[in-house]
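Using the sequences and the accompanying hints, generate a full structural model.
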Amino acid sequence: MILNLERFQAQARPRWKNLEALLGGLESRPDRRLNPAEAQQLQEYYAQAAADLNRVTHGALAPELRQYLERLVARAYAELYYAPPTRSQIWQPRRWLRILRAFPESFRRQFRYFALALLVTVLGCTLGGLAVHYDPASVDVLLPADYLRNPGQRVHEEEQGQGRHLNSTQTEAAFSAQLIRHNIQVALLAAALGVTFGIGTALLLFENGILLGAVAVHYTQRGFGLFMTAWLLPHGVFEIPSILIAGQAGFYLARLLLHRREDRNVRQSMREWLVLVAGLAMMLVWAGIMEAFFSQYHAPVLPYGFKVAVAAAELVLLTLYLLLIGRSEIGAEARSNIPSEQR
Amino acid sequence: MTDTLSTRASTAVELTIATPEGVLFRLPLAGPASRLCAMLLDIVIVLGTVNGIGLLVYWIFARAPGFGVMVITLAEFAIGFAYDALLEGFWNGQTIGKRLFHLRVIDQAGLPLRIEQAWVRNLMRVVDALPFAYLIGGISVLSSPLMQRFGDRVAGTLVVRQTPLAVPGEESWTQQKYNSFMEYPTIAVHLRRAATPELASLIQDALRRRNELAPYARREIYRELAMYLQSEISPFPDELVERLSDEQYLIDASGILFGNQRLSRVQG
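In order, the protein sequences belong to chains U and A.
First residue of the first sequence? That's 1 in the working numbering, and the numbers climb one at a time after it.
First residue of the second sequence? That's 344 in the working numbering, and the numbers climb one at a time after it.
In short, the hints are calculated from the structure, not lab data.
Please read these numbers as outputs of a predicted model, since none were measured by experiment.
Built from N, CA and C at the ideal position, the CB exists for glycine as well.
Please note: incorrect hints may appear among the correct ones.
Simulated restraints, written as ranges between beta carbons of each label pair [to be verified]:
#1 A:M570 with U:R15: 34 to 44 Å
#2 A:M570 with U:E38: 51 to 61 Å
#3 U:A83 with A:I482: 31 to 41 Å
#4 U:R13 with A:L429: 36 to 46 Å
#5 A:E364 with U:A10: 18 to 28 Å
#6 A:G391 with U:R101: 31 to 41 Å
#7 U:Q43 with A:I396: 37 to 47 Å
#8 U:Q268 with A:A361: 20 to 30 Å
Here chain U is said to cover these stretches of chain A; the calculated rule only asks that three of the stretch's residues, wherever they fall, bring their Cβ under 8 Å from a Cβ of chain U [what the hints assert, rightly or not]:
#9 410-419
#10 489-502
Written out as structure tokens, the structure reads:
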């Protein structure tokens, strides 16, 4: 049957134009919320356009018209089935501050992936440490940078303040920004490499572990253990856990991809991953500031004992934050939920 | 790399969505070439913005260049990620580059993408950009039936092409008052019965695209179509055909094919 295309178009054109006008209005509106009358109108036009599309698809060879109607139907479909967040929902500072509580909550919910990341890193550390301990020559292979290989010289330089010719707050500020940027990039890569079903994440963590283990054993063997602890830990207590959390996010993502299920709330799991990444980024900002402004000062200026004490205090605070924040409130919610279900 | 990308881009790939009401519609997917162009444009915009901000920051921090470097390093990093994610999240799946190249990021189900999806697909760029020049992302797009890079696969999004379409033209050649073919109802009815829908659409398309065709091409196409109709389908008398241009012949034929239904009554 030949659809009388001309007459059909002439009849239908007004309602297509109406739908287009309605959609144009909705799409340009910031909140894109429909009031009941508009919703009904949209539903009506949508049904008509869908029926028209059906007729054109099966009754005529009119590729342009079909494309036009498909576009129209697609737009109407999107408006009908999607409720975007309103402006007022997005621009609430309180909602943004909620990340501070959401981060430790997500961390605890996905703790087993953190444990896995920790395990991989510890394995790497052990391997790196053992290798350097039993085969000092392996240092050349395991530690790429020159400065890591000659602890004595490095410690001497550091304590003399060499290599920091422009030793001022200025250079430290620039240095901290570079550190933050670099660390976040590496951590983000670890979290994103979850798409390799976690293999990339594991390799990255393992390599990082080997480096850590090798440096620690190498410096300790030469008797610079305290220097190294004081040098690395003030920022390391934030940096190392944040890389572990990146690994956690990576493994979590890998698990999601391996077990794609239709019924799972994908949006919720994506948010979980984002919260972990945002949280570790915040930790790395702090680590970068500490590394540039605090860790680089050594014995004559800052006693090593003090630096280690600061590191220990940081670690305690971080642990308390990750383990306790939001916990009591979850408990309260759970308790209040139970009676309401019984009612 | 660009060569392989553009050859693949020429094949139209589309996503078919079936709505809960049983309506089917297709969304044309964007090829890697146009996405690459949009991305390059966005990179230029980001670099321009960052450098603009950089000048401002260095002016503000003239006394403390170190802090200036700090601010600009972090700002560059943050803008690099936030530009795409925020624009796509709040501007219905489009960045400036995507808008200019008529691309839009949407959810796999044909709905607008959510803010979480925008962030996830853009943070995933750290993987897609590996090892250089978006090689992994490019391979992922070419090997994916929905042309998704890894970020899209994880976030459940895809990029569609959205060239602007006008309301189909409001042609009026069938509404003409006088159609000389009506004088020969028998032949006209035969034309109507013998013409396949494909042929009818072909005639209509040729007329509709009148202004898109070069004059020479138009003359040739109209002549061939008219000759085909005249010799194979509906031989109208010569004395009539001689008076008509090929274009007028087709307009009259189209009027018979698609025009109002009175013809049968004339016949009856």
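Comparing the hints with the structure gives:
{"no.": "1", "hint": "A:M570 with U:R15: 34 to 44 Å", "result": "holds, 40 Å"}
{"no.": "2", "hint": "A:M570 with U:E38: 51 to 61 Å", "result": "holds, 54 Å"}
{"no.": "3", "hint": "U:A83 with A:I482: 31 to 41 Å", "result": "holds, 36 Å"}
{"no.": "4", "hint": "U:R13 with A:L429: 36 to 46 Å", "result": "holds, 38 Å"}
{"no.": "5", "hint": "A:E364 with U:A10: 18 to 28 Å", "result": "holds, 26 Å"}
{"no.": "6", "hint": "A:G391 with U:R101: 31 to 41 Å", "result": "holds, 38 Å"}
{"no.": "7", "hint": "U:Q43 with A:I396: 37 to 47 Å", "result": "holds, 46 Å"}
{"no.": "8", "hint": "U:Q268 with A:A361: 20 to 30 Å", "result": "holds, 25 Å"}
{"no.": "9", "hint": "410-419", "result": "holds (count 6)"}
{"no.": "10", "hint": "489-502", "result": "holds (count 5)"}
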